[in-house]
Structures are given as C-alpha cells and as structure tokens.
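Participant: Each chain is listed here by its residues.
Number of protein chains: 2
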Amino acid sequence: MTEEIGLFEAMYTQKAIRRLKTDPIPDDVVEKLIEAATKAPSGGDRQPWSFIVVRDAEAKRKIGEWYLEAWNATYGQIPAPTREAMSTRMKRVIGSAEHLAFHLAEAPVFVIVCAQAPPDLGGITGASHYGSIFPAVQNLLLAARGLNVGATLTTLHKMHEADVKALLGIPDNFETVALVPLGYPVGKYGPARRRPAQEVTHWERWGEQKS
Amino acid sequence: MTEEIGLFEAMYTQKAIRRLKTDPIPDDVVEKLIEAATKAPSGGDRQPWSFIVVRDAEAKRKIGEWYLEAWNATYGQIPAPTREAMSTRMKRVIGSAEHLAFHLAEAPVFVIVCAQAPPDLGGITGASHYGSIFPAVQNLLLAARGLNVGATLTTLHKMHEADVKALLGIPDNFETVALVPLGYPVGKYGPARRRPAQEVTHWERWGEQKS
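Protein sequences appear in the order of chains A and B. Take the first sequence: its letter number 27 is residue 27 in this note's numbering, and every next letter is one higher. Take the second sequence: its letter number 1 is residue 1 in this note's numbering, and every next letter is one higher.
For reference, chain A alone in the conformation it holds in the complex (with noise of 0.2 Å):
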C-alpha cells in the first residue's frame, strides 16, 4: 500500500460520487475493496456480510431500471416548487442523484453488499442487526476514497429488493442492505461539508452544552 492516504484525510474528503466514467477498475482493486470492508467490527464477530460484484451489462440494465423506478416513485415525485425552494447545496445533491439514478448501469461495477438474517437472540434488534453491516459498507467507501475510486451508498434498489435476490440468486435468509456503483470519478474527492460537530453534540444530556 504505497502512498497510503492518512486514516482523517479520507474521513474529510469522503464524497458521495456519483458521476462515474465507465473505464473498467480492475478485479484486484475491487477485492481491495471488499478485503477492507471485511476488516469491520460486527456484532458477536458474526462478519454476516457477503458481497456480490456486477460487471455484467444485461444484469445492471435490470438493476438500473428497477432503480430508476424507484428514484422516480420516490425523490422524483419532489414537486418543482420545493425544488426550486432547496439551498444550492442540495439542489446539487439532488441533481447529482438524478444523474445517478438515470446512469446508474453505466457504472462499470456495482457491489451488492448483503447480510445474513442475525440469530434469534432476544436483544436482536434493528441496530444490532445493521449496526454488523454498515460499518463494513463505510469500509469499502472509505477504501475506494483512499484508491481514488468513486462510490456511492445507494438503498432505493431495496424497493425490488425480491427482483434483484432472484436476479442474482441471494438466498432467503440474506437481505441487500446496499448497492455501490463503482467508477473512477468524473469530479474529484474534496472536502465534506457537513454541520458542525458542536451542533449535534450534547454534554451528559440532551440539550446541554459543555460545562
């Protein structure tokens, strides 16, 4: 790993990118991805992940209209006027998931990231359940920042989420938890702009600042 990116400069330069070319990336850079998202905590040390890579055109025609439908049952029903009424920064963000949800096949790659039903326990909760999940998702995003890749966290393909299972033969007692369209980007990684911290911290109780 030469040139290693330091661990904070990819947390603050992690950009969804959806604006993908469609070059190829290689199979040993997608495996870097995943090898990353393997090295996640999970509950129990469960490690319920699985991952499925998608080069295939006619496969990720199928996903992207299932995708698209979804973009359009749900973020495209968002009325002009509200629209127009957004800040700039989200007017972008917007436009840049539109571009994504009618680009979406034309990503060279995607990664199905699926996670095995969790064991009856009893505390087994929602949180407890993604909670094994998702940090591994955020591995392969922060891996693909650090490679210069670009990557998105996508979900709307649960809405087919029986469609894509049966396309790709998931077995019942995994769920698709999300969809990353792999590419290298069009715009670059940059800074993440987000509220402050101060903001959403609270000290010992909610609403309390620091004493």
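Derived by calculation from the structure, the hints in this document are not laboratory data. Do not rely on the hints blindly, as some may be mistaken.
One copy or two, it doesn't matter: identical chains are merged, so the pair holds either way.
[As the list claims (entries may be wrong)] Listed next, the in silico DSBU-like pairs over lysine-lysine satisfying Cα-Cα at most 30 Å (straight line):
#1 Lys188 - Lys32
#2 Lys60 - Lys210
#3 Lys165 - Lys32
#4 Lys91 - Lys210
#5 Lys210 - Lys62
#6 Lys188 - Lys60
#7 Lys91 - Lys165
#8 Lys165 - Lys188
#9 Lys210 - Lys32
#10 Lys21 - Lys188
#11 Lys21 - Lys210
#12 Lys165 - Lys210
#13 Lys62 - Lys165
#14 Lys32 - Lys21
#15 Lys21 - Lys165
Since we're looking at a predicted model, the values are computed, not measured.
Please arrange chain B on chain A, whose structure you already have, making use of the hints.
Facilitator: Just chain B, lined up with the frame of chain A:
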C-alpha cells in the same frame, strides 16, 4: 493531525477494545472523534445524527445496570456446554464482552449515538435509515483507533431504550442506535482477524467464482 495513521492501517487494526482504563479522556479528544463521525455520508445528506457524551458517574451507573441486565438476558444465557464448544477465538470475544458487561460504568466516557427518524418518503426502509447512521459510528470507531482510544460498538442498551431516552432527555423522534464506551485500552490494537474476503465474495451471481 501529526503522525497520522494511514487509512488502511487503521481499518486493518481496528478491534473492539472492551477492557478500558478508568483514566479520563480529554474532551477535545472526544470532540475529534465526534467530528470525524459527522463527516460520514448519509442518505440525501440528512445527517440524522446526534451524540450524547456521558461522563456523569450516576448516569453511567444506571445505564451500566441496564446493560448488564440485557447481557444476562441474552449472551449470559448461552449454556455452558455451548460456550465450552466455542473456538478459542470466540471464547475470547465472549469473555471480553462479558467483562465489558460487568464493568461498563467504569469506562470514563460513553458516547450515545442517536439517529433522527427519517421523513416518510415511500422508499425508506430499515437499511436506508440505519445506513445513514452506522457509517458515522464506524468513522467514530476508526477515529478512536487512530487516536489510540479504546472503543467498541454496542447495542445491548436498546433492551432499555425507553429508560435510556428518559434518563438522558432524548426526544421521541430520535432512536439511540449505539452506545460506544471510550477509554484508553488495557490491551492494544492489532490485526483484525476475519474470514478471508474471497470466501464472502461472489462474482456476477451468488456462489460464483471469478471468471
């Protein structure tokens, strides 16, 4: 950020640290971890997160009691023969988790991660909700690893979700998704041993090898 750890080094050596020293963690270190968390991606850039930093001994004691109760009701119920039959590695995981359950309140700081309920946009599911918060939790954990602060993602407090929310004054429309106890590690960070990535990677379709 002097002597910054590399991204891949951090991911490959991030382990759950459950044996913690009682020495306090400076506030500015906690703030750095939370700032790193806020750089994570979230669906539609909603940034649904809030973080409660709990250092108060009495609050930690109460939460620790609930946590131990939840442990006793779940993992604590694993029959002795089942535990005996576990791999050495799994015994170590369970043993360390048990230690934490009995000593949670001794951690100098808890960070309780809260997620705002998403707007109803039709396509929103568990995965899109939790997929907008656990990447932030993973950033927090990686930042902790980067600054050599011990941390681990826990969710057992959720068996007392209503109690925790009442104690800390958390609004109805927020869910507590994780409790991260922080403290300087008794042991040290080191290689995270996981199943090989090839075993959980499928090419084009479930169960298929790379062609």
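Participant: State for each hint whether it applies.
Facilitator: Right, here's what the structure says about each hint:
1. Lys188 - Lys32: Close inside one copy (20 Å) and across copies (25 Å); limit 30 Å.
2. Lys60 - Lys210: between (50 Å within a copy, 17 Å between copies)
3. Lys165 - Lys32: Classified as within; 25 Å inside a copy, 40 Å across copies.
4. Lys91 - Lys210: neither (34 Å within a copy, 40 Å between copies)
5. Lys210 - Lys62: between (52 Å within a copy, 21 Å between copies)
6. Lys188 - Lys60: within (24 Å within a copy, 43 Å between copies)
7. Lys91 - Lys165: Classified as neither; 33 Å inside a copy, 35 Å across copies.
8. Lys165 - Lys188: So Lys165 and Lys188 fail the 30 Å test inside a copy (33 Å) and across (41 Å) alike.
9. Lys210 - Lys32: between (41 Å within a copy, 14 Å between copies)
10. Lys21 - Lys188: For Lys21 and Lys188, the Cα distance is within 30 Å only inside one copy (12 Å; across copies 42 Å).
11. Lys21 - Lys210: Intra 46 Å, inter 23 Å, cutoff 30 Å: inter-copy only.
12. Lys165 - Lys210: between (48 Å within a copy, 19 Å between copies)
13. Lys62 - Lys165: This pair counts as within: shortest intra-copy Cα distance 12 Å, inter-copy 44 Å.
14. Lys32 - Lys21: The answer is within: 20 Å in one copy meets 30 Å, while 34 Å across copies does not.
15. Lys21 - Lys165: within (27 Å within a copy, 46 Å between copies)
Against the hints set out earlier in the document, violations occur for numbers 4, 7, 8.
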